[in-house]
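Student: So the protein sequences, as listed, match chains A and B.
If you're matching positions, the first sequence starts at 574 in my numbering and goes up one per residue.
If you're matching positions, the second sequence starts at 163 in my numbering and goes up one per residue.
Calculated from the structure, these hints are not laboratory results.
Don't take each hint at face value.
Claimed, not checked - Derived pair list, reagent style DMTMM-like, types lysine to aspartate or glutamate, alpha-carbon separation capped at 25 Å:
| # | chain 1 | residue 1 | chain 2 | residue 2 |
| --- | --- | --- | --- | --- |
| 1 | A | K646 | B | D477 |
| 2 | A | K683 | A | E630 |
| 3 | B | K474 | A | E630 |
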Amino acid sequence: MVSGLINANPIVYGKKDHRARTAPVQVDEYAAEPIDQQEIFDHIRDIKDPEHPYSLEDLKVITEDAIEVDDKKSRVRVTFTPTVEHCSMATVIGLCLRVKLIRCLPRRYKVDIRVAPGTHATEAAVNKQLNDKERLAAALENPNLVDMVDECLVPSYE
Amino acid sequence: MNFAGDFDLMEKQILVGHTDRVWSLAWKPATGVDGIPAVLASCSGDKTVRIWEQSPATGSFQCKAVLEETHTRTVRSCAWSPSGKLLATGSFDATTAIWEHVGGDYECVSTLEGHENEVKSVSWNASGSLLATCGRDKSVWIWEVLPGNEFECVSVLQGHTQDVKMVQWHPSLDILFSCSYDNTIKIWAEDGDTDDWRCVQTLGESDSGHTSSVWALSFNSDGGKMVTCSDDLTLKIWGADITRMQSGDGNASWSHLCTLSGYHDRTIFSVHWSREGIIASGAADDAIRLFVENKDCLVDGPTYQLLLKKDKAHDMDVNSVKWSSMESRLLASASDDGMIKIWELVSLP
Numbered sequence: 574m575v576s577g578l579i580n581a582n583p584i585v586y587g588k589k590d591h592r593a594r595t596a597p598v599q600v601d602e603y604a605a606e607p608i609d610q611q612e613i614f615d616h617i618r619d620i621k622d623p624e625h626p627y628s629l630e631d632l633k634v635i636t637e638d639a640i641e642v643d644d645k646k647s648r649v650r651v652t653f654t655p656t657v658e659h660c661s662m663a664t665v666i667g668l669c670l671r672v673k674l675i676r677c678l679p680r681r682y683k684v685d686i687r688v689a690p691g692t693h694a695t696e697a698a699v700n701k702q703l704n705d706k707e708r709l710a711a712a713l714e715n716p717n718l719v720d721m722v723d724e725c726l727v728p729s730y731e
Numbered sequence: 163m164n165f166a167g168d169f170d171l172m173e174k175q176i177l178v179g180h181t182d183r184v185w186s187l188a189w190k191p192a193t194g195v196d197g198i199p200a201v202l203a204s205c206s207g208d209k210t211v212r213i214w215e216q217s218p219a220t221g222s223f224q225c226k227a228v229l230e231e232t233h234t235r236t237v238r239s240c241a242w243s244p245s246g247k248l249l250a251t252g253s254f255d256a257t258t259a260i261w262e263h264v265g266g267d268y269e270c271v272s273t274l275e276g277h278e279n280e281v282k283s284v285s286w287n288a289s290g291s292l293l294a295t296c297g298r299d300k301s302v303w304i305w306e307v308l309p310g311n312e313f314e315c316v317s318v319l320q321g322h323t324q325d326v327k328m329v330q331w332h333p334s335l336d337i338l339f340s341c342s343y344d345n346t347i348k349i350w351a352e353d354g355d356t357d358d359w360r361c362v363q364t365l366g367e368s369d370s371g372h373t374s375s376v377w378a379l380s381f382n383s384d385g386g387k388m389v390t391c392s393d394d395l396t397l398k399i400w401g402a403d404i405t406r407m408q409s410g411d412g413n414a415s416w417s418h419l420c421t422l423s424g425y426h427d428r429t430i431f432s433v434h435w436s437r438e439g440i441i442a443s444g445a446a447d448d449a450i451r452l453f454v455e456n457k458d459c460l461v462d463g464p465t466y467q468l469l470l471k472k473d474k475a476h477d478m479d480v481n482s483v484k485w486s487s488m489e490s491r492l493l494a495s496a497s498d499d500g501m502i503k504i505w506e507l508v509s510l511p
């Protein structure tokens with residue numbers, strides 16, 4: 574573990590107001606509402622940054638626009654922006670995003686996580702690691718890493 | 163073998179039992195023929211291995227044994243020795259366990275240690291005299307099988323620059339193949355003079371190779387061709403001169419024959435070539451696809467066509483597809499959804 578913080582002075586942007594959702598037009602109580610961008614954002618906006626007491630939304634690591642979802646195809650892609658270019662916390666953030674989404678979305682969903690193009694020194698390598706299922710499964714069997722992820726996810730469940 | 167007409171993959175049975183994703187399957191050799199019931203081994207993220215046996219009377223599979231309390235993490239790979247006497251299981255706990263069926267129970271008779279971290283694949287050579295393992299530590303280990311279920315490491319092969327996802331011995335020759343997160347396939351053979359194992363060929367991007375992690379490889383029945391599958395969404399067919407290989411010709415090298423692209427839109431985790439020549443693939447889009455050689459078109463070498471696609475074969479990613487060792491048209495598949503399915507390939511009227 575690195576003893577010094579990767580980014581000691583992150584820029585804090587503040588939260589976007591949680592918009593009230595408009596009531597759906599249809600009255601069919603049994604129809605499942607398609608999952609949309611806002612719902613996915615609500616699942617992940619309050620995830621805590623691994624290093625600072627701020628959410629990923631506060632630090633603009635994730636924004637609603639950076640979420641692409643196709644409910645019919647059960648696909649979601651989240652693009653996140655690490656706070657610094659050589660952020661080694663990128664893999665932890667990516668892991669947090671994936672774990673939260675896997676826990677919250679129906680299991681038919683396919684989740685892709687990537688860093689925003691041009692925002693990380695080893696972008697291709699990070700993206701490959703973030704989407705290799707075998708590597709992810711092994712990482713999530715590491716109790717230290719799981720504890721770290723769970724700690725970041727606590728505020729996102731409230 | 164000509165596959166004219168329409169085919170379907172009929173779901174025969176769903177095997178339920180594992181409590182986490184099922185990673186790999188292995189049919190026990192010499193079962194499913196001559197009145198001997200077919201046996202299938204499966205391994206899972208639930209840290210156990212299950213043995214399923216087909217009932218001769220009903221034809222349905224039942225779980226005969228659960229191999230537990232040995233591996234302390236995910237069991238990633240399982241393989242039967244050619245005689246069917248032993249089962250090797252590779253785990254994320256960095257060990258490889260060897261199991262023997264002793265008086266109705268499966269007993270762990272040996273534990274192979276050495277890998278620095280997760281073991282990802284295990285494979286026996288054709289005669290059962292050697293076992294290969296590989297893992298995230300980027301190395302490939304070759305173990306010699308000695309009397310009394312003793313295993314001795316005879317070589318630790320370095321060369322891959324990233325974790326090694328699968329090892330597979332050639333079906334008839336003592337040549338070892340490995341595929342990796344580093345996008346390459348490596349071929350390892352014993353040097354005639356020194357008896358040292360070394361890498362004799364690397365199939366990388368410049369050899370028309372894959373452009374992302376290679377997850378699996380499988381040989382055709384005569385061992386003259388192999389198919390590889392990758393995160394780059396393609397299957398690639400490779401070939402070599404088998405008679406040259408058999409004569410120990412060091413220059414008998416493998417070359418790219420054909421790339422099957424545009425058929426998969428998510429990572430292909432598993433590929434298996436049946437004795438009849440049907441290539442099955444299992445992918446992250448929950449589907450199973452079957453491919454056969456295109457006999458009509460003989461341009462500059464073989465081409466392949468899609469025989470059928472089974473959409474939603476499982477509710478989640480398909481991690482492993484394996485043709486039965488004997489019954490050519492029986493296929494087993496394993497998934498992140500924790501299920502194993504038994505399929506039969508049938509021709510439609």
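Student: Would the pair K474 of chain B and E630 of chain A pass a check requiring their Cα atoms to be no farther apart than 25 Å?
Tutor: With Cα atoms ~35 Å apart, K474 of chain B and E630 of chain A exceed 25 Å; violated.
Student: Hey, K683 of chain A versus E630 of chain A, does the alpha-carbon distance stay inside 25 Å?
Tutor: Satisfied, since the Cα-Cα distance of roughly 23 Å is no more than 25 Å.
Student: Quickly compare the C-alpha distance for K646 of chain A and D477 of chain B to 25 Å and report which way the hint goes.
Tutor: holds (13 Å)
Hint violations for this structure: number 3 only, all remaining hints satisfied.
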